[in-house]
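Peer 1: Each chain, written out:
2 protein chains.
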Amino acid sequence: MASPRERRYRIRQERIIEHARGIAESEGWAAVSTRRLAQQIDHSQPVIYQHFRSREHLVAAVVTQGFVELTSLIREASAAAGGGLEQLCWSYLDFGRQNPALYEAMFTRPTHLRFAQEDTPAELRESFEALAEVIVRAAGDRADEDVAALTELFWATCHGLTSLHLAGRIPGDHLKGQVERICTMIRG
Amino acid sequence: MASPRERRYRIRQERIIEHARGIAESEGWAAVSTRRLAQQIDHSQPVIYQHFRSREHLVAAVVTQGFVELTSLIREASAAAGGGLEQLCWSYLDFGRQNPALYEAMFTRPTHLRFAQEDTPAELRESFEALAEVIVRAAGDRADEDVAALTELFWATCHGLTSLHLAGRIPGDHLKGQVERICTMIRG
DNA sequence: ATAGATAATCTATCACTGATAGATTCTTTC
DNA sequence: GAAAGAATCTATCAGTGATAGATTATCTAT
Chain A
1 MASPRERRYR IRQERIIEHA RGIAESEGWA AVSTRRLAQQ IDHSQPVIYQ HFRSREHLVA
61 AVVTQGFVEL TSLIREASAA AGGGLEQLCW SYLDFGRQNP ALYEAMFTRP THLRFAQEDT
121 PAELRESFEA LAEVIVRAAG DRADEDVAAL TELFWATCHG LTSLHLAGRI PGDHLKGQVE
181 RICTMIRG
Chain B
1 MASPRERRYR IRQERIIEHA RGIAESEGWA AVSTRRLAQQ IDHSQPVIYQ HFRSREHLVA
61 AVVTQGFVEL TSLIREASAA AGGGLEQLCW SYLDFGRQNP ALYEAMFTRP THLRFAQEDT
121 PAELRESFEA LAEVIVRAAG DRADEDVAAL TELFWATCHG LTSLHLAGRI PGDHLKGQVE
181 RICTMIRG
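In the order they appear, the protein sequences are chains A and B.
188 is the number that the working numbering gives the last residue of the first sequence; the numbers go up by one with no jumps.
188 is the number that the working numbering gives the last residue of the second sequence; the numbers go up by one with no jumps.
To be clear, the hints were calculated from the coordinates, so they are not data collected in a lab.
Any given hint could turn out to be false.
If chains are identical, the list can't say which one is meant, so a pair holds when it fits in one copy or spans any two.
Stated by the list, open to error - In silico lysine to any residue, SDA-like type, Cα no more than 25 Å apart, as pairs:
1. K176 with V136
2. K176 with R75
3. K176 with R125
4. K176 with A81
5. K176 with Y9
6. K176 with D141
7. K176 with T71
8. K176 with A143
Generate coordinates for the entire structure from the input sequences, incorporating the hints supplied.
Peer 2: In structure tokens, the structure reads:
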């Protein structure tokens, strides 16, 4: 169905996204420039704008990919033996540790992507929904209102630890006890 | 003691910091440029570098000021009638809401400032210590190890809520119940 | 197969950024 | 008031995101 032209276009787009992510992880987002990306894919700089309306849209594409990965990670942790909150918590922390730049783009860098709204992309929604499912299972039967609030709280707490840890604001020395406390809090 | 020259130098430095903070709050950190700051204080652009080694050092100066304010805010919340965890939690959330750009610089933007280390500036340390004092009071007698872990956890949780809220990742609809849960978790 | 239309790509440029070198002016000190 | 020193300016550099317009490649229809 896809013409050769379209196929090449998509392949190139994937390459751009991959390189952007790679450069960000190894040298930080400031090092991700259109000229450098163009050089990596052997094209001139304006070609980047055939794929992304702006640099921010390019970053958003990386972010979307990140949420897809995070969703499947949540589902895996949920389906695994045990499948408890603790396991999910550790998976989340590991995700941040293994992809600090990606995580930074997903959660702390300014972006035009809006969350928890009508026009929120499906990929972002699904992460939240996957998380909510685990919360429901762990915290028993509750009103939808409570599930949303608990999911937010769980997410915020995991994010707070990850964010401060990645930014060098807190050491990781006390994570074990902290994770236990978080999970106890959520289970009620 | 201070010569007129030094006095003018310090006044100008304060003005630069104020303008940087003001621009950041109204238009975001990307709008804070050396040229624009120079224009605001009626000098040429390189003068900024008489005060700050780099743009990042300028941002760090704003951040330091932010931590001074956060510390006194924690002390006030701690000394106020009641002086409980809930009050502190709300004060923290308000601080973020009222100074989103400042908060962003303090906690989520990349910086050379290191925390929880030997060379950590006193202003940053004091915020943590002020927080730890409140935790000790609220959570009763504990080992120092536990106090540090609990303080980190409390901070991370408040930060997680603030951060995701400011970035538009979660709505603020469920804050009341979430704050209560956090405080219950800390008190143990 | 080839001419015409269309799409993709390139070169060149714009306005802007942080940062620095060197000439110039202002301040201070003797 | 003259010499020494510090502070400030102009001018510039290399790099950024983004765009306009010329050029080339690709596809379509005869």
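Peer 1: Work down the list of hints and note, for each, if the structure agrees.
Peer 2: Okay, the hints, checked on the actual structure:
1. K176 with V136: both (23 Å within a copy, 20 Å between copies)
2. K176 with R75: Close inside one copy (22 Å), not across copies (29 Å); limit 25 Å.
3. K176 with R125: between (29 Å within a copy, 24 Å between copies)
4. K176 with A81: within (20 Å within a copy, 34 Å between copies)
5. K176 with Y9: Neither way: K176 and Y9 sit 46 Å apart in one copy and 49 Å across, limit 25 Å.
6. K176 with D141: This pair counts as between: shortest inter-copy Cα distance 21 Å, intra-copy 27 Å.
7. K176 with T71: Classified as within: same-chain Cα gap 23 Å, cross-chain 28 Å, threshold 25 Å.
8. K176 with A143: between (30 Å within a copy, 16 Å between copies)
Of the numbered hints stated above, the single one contradicted by the structure is hint 5.
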